[in-house]
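Quick note, the sequences are listed as chains Z and A, same order. When the count follows UniProt numbering, it moves up by one through the first sequence with no breaks and lands on 214 for the last residue. When the count follows UniProt numbering, it moves up by one through the second sequence with no breaks and lands on 214 for the last residue.
Take the hints with a grain of salt, since some may be wrong.
Same chains, same label: a pair holds when it works inside one copy or across any pair of copies.
Calculated lysine-lysine pairs in the DSS-like style (CA-CA distance at most 25 Å, straight line) [claimed, not checked]: (1) K28 - K156; (2) K27 - K156; (3) K126 - K86; (4) K156 - K23; (5) K23 - K13; (6) K156 - K32; (7) K13 - K83; (8) K83 - K23.
The set of hints was computed from the structure by calculation and includes no laboratory data. These numbers were taken from a predicted model, which means no experiment stands behind them.
Number of protein chains: 2
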Amino acid sequence: MKKDTKISNAVIKRLPRYRRYLKELQKKGVDKISSNEFSSLIGYTASQIRQDLNNFGGFGQQGYGYNVEGLYNEISAILGLDKEYKMIIVGAGNLGQAIANYTYYYKAGFVVCGIFDINPRLIGLKINDIEVMDYENIVEYVEENQINIGIICTTKDSAQEVADKLCFAGVSGLWNFAPVDLEVPDHVAIENVHLSDSLHSLAYHMNRNTTENI
Amino acid sequence: MKKDTKISNAVIKRLPRYRRYLKELQKKGVDKISSNEFSSLIGYTASQIRQDLNNFGGFGQQGYGYNVEGLYNEISAILGLDKEYKMIIVGAGNLGQAIANYTYYYKAGFVVCGIFDINPRLIGLKINDIEVMDYENIVEYVEENQINIGIICTTKDSAQEVADKLCFAGVSGLWNFAPVDLEVPDHVAIENVHLSDSLHSLAYHMNRNTTENI
Chain Z
1 MKKDTKISNA
11 VIKRLPRYRR
21 YLKELQKKGV
31 DKISSNEFSS
41 LIGYTASQIR
51 QDLNNFGGFG
61 QQGYGYNVEG
71 LYNEISAILG
81 LDKEYKMIIV
91 GAGNLGQAIA
101 NYTYYYKAGF
111 VVCGIFDINP
121 RLIGLKINDI
131 EVMDYENIVE
141 YVEENQINIG
151 IICTTKDSAQ
161 EVADKLCFAG
171 VSGLWNFAPV
181 DLEVPDHVAI
191 ENVHLSDSLH
201 SLAYHMNRNT
211 TENI
Chain A
1 MKKDTKISNA
11 VIKRLPRYRR
21 YLKELQKKGV
31 DKISSNEFSS
41 LIGYTASQIR
51 QDLNNFGGFG
61 QQGYGYNVEG
71 LYNEISAILG
81 LDKEYKMIIV
91 GAGNLGQAIA
101 NYTYYYKAGF
111 VVCGIFDINP
121 RLIGLKINDI
131 EVMDYENIVE
141 YVEENQINIG
151 IICTTKDSAQ
161 EVADKLCFAG
171 VSGLWNFAPV
181 DLEVPDHVAI
191 ENVHLSDSLH
201 SLAYHMNRNT
211 TENI
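One chain only, chain Z, in its complex shape (with noise of 0.2 Å):
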């Protein structure tokens, strides 16, 4: 775990969901919206909101509230959308499978470009038009086609020594869909989505009667 900006993870965080409200409202055809609406819309309070803008600079306006679309843009490009990413899945079971179904009709700059396996049952098969490849010839096609980013649904044991080759490969970022913290190279960035961690959330918070849509 490691720290090379002054802005706290729980921030970063938080700006998926800002810009998902935004584009809604976007959507209804708002221009713009006072700090106080904005709050009871995304349930942050109008400070918690500031304070998250402030780090990039504010873009909100004292007796006006922000600018619909201007914050959404500042908020895409903050999180590097206005680029687009080449990525490849490592894994192509069922939980592969989905993630290239899913990123597949996933209108933004996310590409899966290729899909690998080490099964031969698998190998050449198509989703979505893309071809499920040799786990073993993964270096020299990441290397070859500039691949960004790397998505991890190996099972957990796989996982450690598939992120060393794609790291290697010179991917810059890793998707981990696999129940393992995985050990990266400082330039690399990483997020886990760990399913069986949320859903026992989910069942703490269910034996607890809490509700936290957060």
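Position chain A relative to chain Z; hints supplied.
Only chain A this time, still in chain Z's reference frame:
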């Protein structure tokens, strides 16, 4: 957003992670671990670990550390993992099918009893022996089978209506994969898995060259 207990959501979110590491230690035959060793393994400070566990009464012993199996069992019980949960999935598309497959191989006490969809071409199909049923009959099914958890794998636009119906039918928890925040009654717990938010956080860190393995 609402808090009924004094234990923060951040602490709850860390419990499944503690449990995962304790399970790995058990597999390796480790009986006890000092708080410093546990700290360097899991990446939280020893003081953070003590603070987190003190919310539930401690469990460590001065000069001994933690009993691995004991702490694993305690955390499992706190999370409510000593019970069985009956779940249904709404939405038999790619994501719903992936979740059905994922949970099928899941060893713990979370059982998918049925999958529901409105699409006549999907109704009647079987996914791992679990039949896709008509969404029309969902309330009756939840009541009759005492389903605890509804897993929402629908589109963003249908998700709130599905949530309302599931809450009315009597589930006590929702695991939401639709990219939208849902309103639920206070007695129903909800846990969101916003995959696109996670991907956007990853993009941010890639552009900032920061690594956060949390």
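Cross-check of the supplied hints:
1. Only between protomers do K28 and K156 lie at most 25 Å apart by alpha-carbon distance; the minimum there is 15 Å, versus 43 Å within a single protomer.
2. Only between protomers do K27 and K156 lie at most 25 Å apart by alpha-carbon distance; the minimum there is 14 Å, versus 40 Å within a single protomer.
3. Within a single copy, K126 and K86 get their C-alpha atoms as close as 18 Å, which meets the 25 Å cut-off; across copies the closest is 34 Å, which misses it.
4. Taking CA atoms no more than 25 Å apart as the test, K156 paired with K23 passes between copies only; the shortest distance there is 13 Å, against 36 Å inside one copy.
5. Proximity of K23 to K13 under the C-alpha cut-off of 25 Å is restricted to the intra-copy arrangement: shortest distance 17 Å within a copy versus 28 Å between copies.
6. Taking the closest pair of Cα atoms, K156 and K32 come within 25 Å of each other only across two copies (23 Å); inside a single copy the shortest separation is 46 Å, beyond that limit.
7. For the homomeric pair K13 and K83, the shortest alpha-carbon distance inside one copy (19 Å) is at most 25 Å, but the shortest distance between copies (31 Å) is not.
8. In this assembly of identical chains, the alpha carbons of K83 and K23 lie at most 25 Å apart only when taken from the same copy (18 Å versus 40 Å across copies).
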